[in-house]
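Chain A is already provided as a structure; the job is to place chain B on it using the hints.
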Amino acid sequence: MTLSLDNLNSMQIDVLKEIGNIGAGNAATALSKMIAKRIDMDVPKVNILEFKDVAELVGGPETAVVGIYFKVTGDISGSIMFLLDKKSAKLLTSLLMSIDEDAELLNEMEVSALQEVGNILAGSYLSSLSSLTGLKLIVSIPSLASDMAGAILSVPVILFGQVGDKVMLIETDFIEGSQHVKGNFFLVPDEDSFEILLKSLGVV
Amino acid sequence: MAELIKVGMADLNCTKSPGVLTTLGLGSCVGVCLYDTSTKISGMVHIMLPSSLQIKNNSNVAKFADTGIVKLIEDMQKLGASKYRLVSKIAGGAQMFNFNDSSDIMRIGSRNVTATKEVLQSLNIPIIAEDTGGSYGRTIELYSETGILLIKTIGFGTKQI
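Those protein sequence lines, which keep their order, are chains A and B.
Using the working numbering, the letters of the first sequence map in sequence onto residues -7 to 196.
Using the working numbering, the letters of the second sequence map in sequence onto residues 1433 to 1593.
Pulled out of the complex, with its shape left as it was, chain A reads as follows:
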């Protein structure tokens, strides 16, 4: 039987949660270095959810969100998506540069800045995954989309959908001063990569 989120045992889920925690922690450190400010972080929540419940987590399928998407190649293949609600995306951008708070859509500089943040977050996340597993992982350049949550989420959900009916996401909450940036990481290994990943962590 092919391993998927639908048929993991509790130890395998715990291991996946733990690498989620470590990855998000490293991402917060990297973000803190980038903006030269202290970034606190709440303990990340790792959720395994049914498709239909995913969009509710960010306020429903029609909520405006920003997704930054990366392909992963190397010893395993798959993808990573970092999802931010619109408010958090603006906030994160404003930590890096002065922005137009009222604008409906992101301008080119803001898109570029967010892609760079996404790059650093995904890169540090993956490098911690790589050192934990000993797997060689290469991350692609980022692609950013700003649209309805349902539409953006359809991408990881379809990828997960090829192997099961659930998705795994890691809810993170970065705190700078009194401001909270809420983001979600989706880690989507391709069908056969799931087993390689769990094997490398010694739980298959």
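Misleading hints may appear alongside valid ones.
Claimed, not checked - In silico SDA-like pairs for lysine to any residue, Cα to Cα no more than 25 Å straight-line:
| no. | chain 1 | residue 1 | chain 2 | residue 2 |
| --- | --- | --- | --- | --- |
| 1 | B | K1488 | A | D157 |
| 2 | B | K1584 | A | V7 |
| 3 | B | K1438 | A | G52 |
| 4 | A | K82 | B | Q1527 |
| 5 | A | K158 | A | M26 |
| 6 | A | K174 | B | K1488 |
| 7 | A | K174 | A | I14 |
| 8 | A | K78 | A | M26 |
| 9 | B | K1438 | B | I1593 |
| 10 | A | K79 | B | T1585 |
| 11 | A | K158 | A | V7 |
| 12 | A | K44 | B | E1435 |
| 13 | A | K78 | B | S1567 |
Unchecked claim - Far from chain B, some chain A residues (derived; all Cβ distances over 10 Å):
| no. | residue |
| --- | --- |
| 14 | K44 |
| 15 | G52 |
| 16 | E54 |
| 17 | K63 |
| 18 | G115 |
| 19 | S146 |
| 20 | Q154 |
| 21 | L190 |
| 22 | V196 |
Calculated directly from the structure, the hints in this document are not laboratory data.
Glycine included, C-beta positions come from ideal geometry on N, C-alpha and C.
Here is chain B on its own, set in the frame of chain A:
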């Protein structure tokens, strides 16, 4: 105000007039709308993947273009629709993220649209309108009273087909 019936991801539903079927935030998925012009029975399925034959775990029929459309027709027939009077409108199948080396999986939107069209054609159901492709999400509402499909977007306007 007519009843608004939500169709989730990998989900389907049908209704009699004046019910309104809606699916929120379609991305690379395709919303397939079927309409019996005589009885005004309408149906909607939100498919995620082209074919149930390529996937091992295919228990949810509404997830796939091939099985989802067939199941929707069966459900509509139970409400009194005739397969021979059905027409269709389709929306969605966007490519949300752009990469230069468009691998198969990144073109899933257009593959979903192609598969949907093939299934409808094999069932002899004419496609009378479509709003597919692009790089943006869509919320769709199908009005049973008129058969009109309303499409809403963020930043790309609203239209009726």
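Each hint, compared with the structure:
no., hint, verdict
1, B:K1488 to A:D157, "holds (12 Å)"
2, B:K1584 to A:V7, "violated (41 Å)"
3, B:K1438 to A:G52, "holds (12 Å)"
4, A:K82 to B:Q1527, "holds (24 Å)"
5, A:K158 to A:M26, "violated (34 Å)"
6, A:K174 to B:K1488, "violated (35 Å)"
7, A:K174 to A:I14, "holds (17 Å)"
8, A:K78 to A:M26, "holds (21 Å)"
9, B:K1438 to B:I1593, "holds (19 Å)"
10, A:K79 to B:T1585, "holds (19 Å)"
11, A:K158 to A:V7, "holds (17 Å)"
12, A:K44 to B:E1435, "holds (21 Å)"
13, A:K78 to B:S1567, "holds (18 Å)"
14, K44, "violated (5 Å)"
15, G52, "violated (7 Å)"
16, E54, "violated (5 Å)"
17, K63, "violated (7 Å)"
18, G115, "holds (17 Å)"
19, S146, "violated (3 Å)"
20, Q154, "violated (6 Å)"
21, L190, "holds (18 Å)"
22, V196, "holds (18 Å)"
Violated hints, in rising order: 2, 5, 6, 14, 15, 16, 17, 19, 20; the structure is consistent with all others.
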